[in-house]
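J.: Start from the sequences, fold in the hints, and give me the full structure.
Each chain, letter by letter, is given below.
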Amino acid sequence: MRNEKRHSLEGGNPALTERRSFLLGLARSAGAAAVGGLVWAGFIDGKKAYPTVLRPPGAVEEARFLAKCTKCGLCAEACPYDALIMAKPGDGRPVGTPYFLMREDPCRMCQDIPCAAECPTGALAPALVSGPDDAGIQRLDINLARIGLAVIDRETCIAYWGIQCEACYRACPVIDRAITVEHLKNDRTGKHAILGPVVHSEHCTGCGLCEHACVTRKASIFVLPRELALGEPSEHYVRGWDAADEKRIEDAAGDVTTTTPRSKKDPLEYLNQEGF
Amino acid sequence: MGWLFSNRYLVLRRLVQVSILLFFIAGNALGWKVLRGNLSSSRLLDAVTLADPFALLQIFATGTMVSVEAMLGGGIVLVLFAVIGGRVFCGWVCPVNMVTDLAGSLRRAVGDDHSSPALSGFQISRNARYWVLGLSLVLSALLGVAAFEWISPISMLHRGVIFGMGLGWTAVLALFLFDLVVLRQGFCGHLCPLGAFYALAGAYGFLRVRHLKDHCTLCGECLKHCPEPQVLPMVGKHNGSVLSGECTNCGRCIEVCAERAMRFGAVSRAKARQDHEGG
Chain B
1 MRNEKRHSLE
11 GGNPALTERR
21 SFLLGLARSA
31 GAAAVGGLVW
41 AGFIDGKKAY
51 PTVLRPPGAV
61 EEARFLAKCT
71 KCGLCAEACP
81 YDALIMAKPG
91 DGRPVGTPYF
101 LMREDPCRMC
111 QDIPCAAECP
121 TGALAPALVS
131 GPDDAGIQRL
141 DINLARIGLA
151 VIDRETCIAY
161 WGIQCEACYR
171 ACPVIDRAIT
181 VEHLKNDRTG
191 KHAILGPVVH
201 SEHCTGCGLC
211 EHACVTRKAS
221 IFVLPRELAL
231 GEPSEHYVRG
241 WDAADEKRIE
251 DAAGDVTTTT
261 PRSKKDPLEY
271 LNQEGF
Chain H
1 MGWLFSNRYL
11 VLRRLVQVSI
21 LLFFIAGNAL
31 GWKVLRGNLS
41 SSRLLDAVTL
51 ADPFALLQIF
61 ATGTMVSVEA
71 MLGGGIVLVL
81 FAVIGGRVFC
91 GWVCPVNMVT
101 DLAGSLRRAV
111 GDDHSSPALS
121 GFQISRNARY
131 WVLGLSLVLS
141 ALLGVAAFEW
151 ISPISMLHRG
161 VIFGMGLGWT
171 AVLALFLFDL
181 VVLRQGFCGH
191 LCPLGAFYAL
201 AGAYGFLRVR
211 HLKDHCTLCG
221 ECLKHCPEPQ
231 VLPMVGKHNG
241 SVLSGECTNC
251 GRCIEVCAER
261 AMRFGAVSRA
271 KARQDHEGG
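Residue numbers (the working numbering), protein chains in the order written: chain B, 1 to 276; chain H, 1 to 279.
To be clear, the hints were calculated from the coordinates, so they are not data collected in a lab.
These numbers were taken from a predicted model, which means no experiment stands behind them.
Any given hint could turn out to be false.
So the derived label-pair ranges between C-beta atoms look like this [as the list claims (entries may be wrong)]:
id, chain 1, residue 1, chain 2, residue 2, range
1, B, D105, H, G134, 37 to 43 Å
2, B, D266, H, V138, 56 to 62 Å
3, B, E246, H, G164, 50 to 56 Å
4, B, D112, H, W32, 18 to 24 Å
5, H, L22, B, A41, 35 to 41 Å
6, H, N7, B, D105, 42 to 48 Å
7, H, I124, B, V174, 54 to 60 Å
8, B, D105, H, N127, 44 to 50 Å
9, B, L26, H, F122, 18 to 24 Å
10, H, M98, B, D176, 54 to 60 Å
11, H, L22, B, P80, 20 to 26 Å
12, H, V138, B, N272, 57 to 63 Å
13, B, P132, H, L102, 54 to 60 Å
14, B, A41, H, S125, 21 to 27 Å
Covered by chain B, per the in silico footprint, the following chain H stretches (three or more residues, Cβ under 8 Å) [claimed, not checked]:
id, stretch
15, 36-46
16, 68-80
17, 146-154
Idealized CB from N, CA, C, for every residue including glycine.
T.: Following this line, the structure appears as structure tokens:
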């Protein structure tokens, strides 16, 4: 059967029927589409993976942001400080999407958040930067923005060397909440103080004014996307000093014992016989 | 004057294409409110939101919704181009048209036009664009982002002109060279899924090029200049209107025809089909 087929092809049989040439053409197109699609998908996947993009205030979670943003640039045009950059090919970031470079041009935290208000698709959602005012009416509140989180490198921060600086602290629009200055004893000299800045993630908007203000050559306080900057404790750790967190113990179902093949045995048994 | 008349649609198209870009540039640089944003999404006169319906379709394919405002904006654009008909976007709005037209005229200048066999052996079907269109939606669904928008040389060009080019010029140059030396009308006529989208959307619009056989002297100028010559099968054979949505309604065939055998007409597809069947 197989030989016969090969024979008929080699024999130059012109019987490439209409049906057959249609199917061949279809297969060729599908194959070309698959090749193109794979290259295309690989390219996009590589570009999507850029992890340190700081989005405008009100941006929805990054994966949804990338899906929703049409790259129209209305947010960047709305920015009165021209701080928002539209990613160009070659910037290494998802092309056409808006981002901040805080060291160069941070977010000035406009009260009316014009960038988020301009977004036509909802990639920037004003609702995410709105909260109830004193009268209980939902209003834009830039302090609810979570562009990223400022992180301090204590090894290069001169305040932690013992030099009084406070540049980031003074620049912070949420001063005394997002950045506080802690008075520490300088153990090196034994008689001086260290006035060390500390960032508080529950108040930091990630505006980047601290990174912009930092006096070291390369900023020693810098904004990272929150998912990069923050860890996450497992559920079984409880903040004993936090009444609400402590309550989780009361709500817990009780002791949970996990049984594994090894735990069924006596410890003496497996430690002696199996080794580690 | 004679030159202007025989290039009237070309001049008009360039005016429209360039002024749209200039309004966008002024919107960004000078704060003009006529048109702000870019061709992906924009605000017209600070009142109406417009959006690229194909970009929205890709966003929907990712399983994401957009605001009602954006959907309405996409609807306005889609209905506008669908009612006019053909790939009016491609011929009259898209800035890439200027790049590929330049490649096309250079080809014609060296005698490589539709009346001659292809210089290079590389050929792909003009239907490839519909595969790319399908692929755009499939990849959008799989990757969770609007797939064509991430690689679109169209967006790179208009966004680049408005917001800064970066390395986007490499994509535009590649596209120009592809059209110039690899495949005649390679991008717009074979690969572009946005063009394919508008070809489907504009298949039933009213604006159609009409051919009057009695005027035709079979000089072939229309076919030589047409970016989509497969839409002119009736030329020299019988009276009839262009049926295909792949026609960009650029009007080039009309202005290059010395015998006025081509004209614009407002014809419904049903009427145009009757013409064809009637011979």
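J.: That 18 to 24 Å hint for L26/B and F122/H (C-beta), does it hold up?
T.: Between L26/B and F122/H, where Cβ atoms are some 20 Å apart, the hint holds.
J.: Between D105/B and G134/H, is the Cβ distance one that fits in 37 to 43 Å?
T.: For G134/H against D105/B, whose Cβ atoms are near 41 Å apart, the range 37 to 43 Å holds.
J.: Do three or more residues from the stretch 36-46 of chain H put their C-beta atoms closer than 8 Å to C-beta atoms of chain B?
T.: Answer holds; 7 residues pass the 8 Å Cβ test.
J.: Taking the CB of D266/B and the CB of V138/H, does the distance hold inside 56 to 62 Å?
T.: Holds: the Cβ-Cβ distance is about 57 Å, inside 56 to 62 Å.
J.: Could you say whether the range 21 to 27 Å given as a hint is met by the Cβ separation of A41/B and S125/H?
T.: Since the Cβ atoms of A41/B and S125/H sit about 22 Å apart, the hinted range of 21 to 27 Å holds.
J.: Quick check: do three or more residues in the stretch 68-80 of chain H have a beta carbon closer than 8 Å to a beta carbon of chain B?
T.: Since 3 is at least three, the answer is holds.
J.: Falls inside 54 to 60 Å, the C-beta gap from M98/H to D176/B?
T.: Roughly 56 Å apart at Cβ, these two residues keep to the hinted range, so it holds.
J.: Note whether the CB distance of I124/H and V174/B lies within 54 to 60 Å or breaks it.
T.: Holds - the Cβ-Cβ distance for I124/H and V174/B, about 57 Å, lies within 54 to 60 Å.
J.: Given the range 35 to 41 Å, decide if the beta-carbon distance of L22/H to A41/B lies inside it.
T.: Once the Cβ atoms are compared, 36 Å apart, the range 35 to 41 Å for A41/B and L22/H holds.
J.: If you check the beta carbons of D105/B and N127/H, does the distance land in 44 to 50 Å?
T.: 47 Å, holds
J.: Using the C-beta atoms of L22/H and P80/B, is the stated range 20 to 26 Å upheld?
T.: Hint holds: Cβ distance 23 Å, inside 20 to 26 Å.
J.: Has the hinted range 50 to 56 Å been met by the Cβ atoms of E246/B and G164/H?
T.: With a Cβ separation near 53 Å, E246/B and G164/H satisfy 50 to 56 Å, so the hint holds.
The structure shown violates none of the earlier numbered hints.
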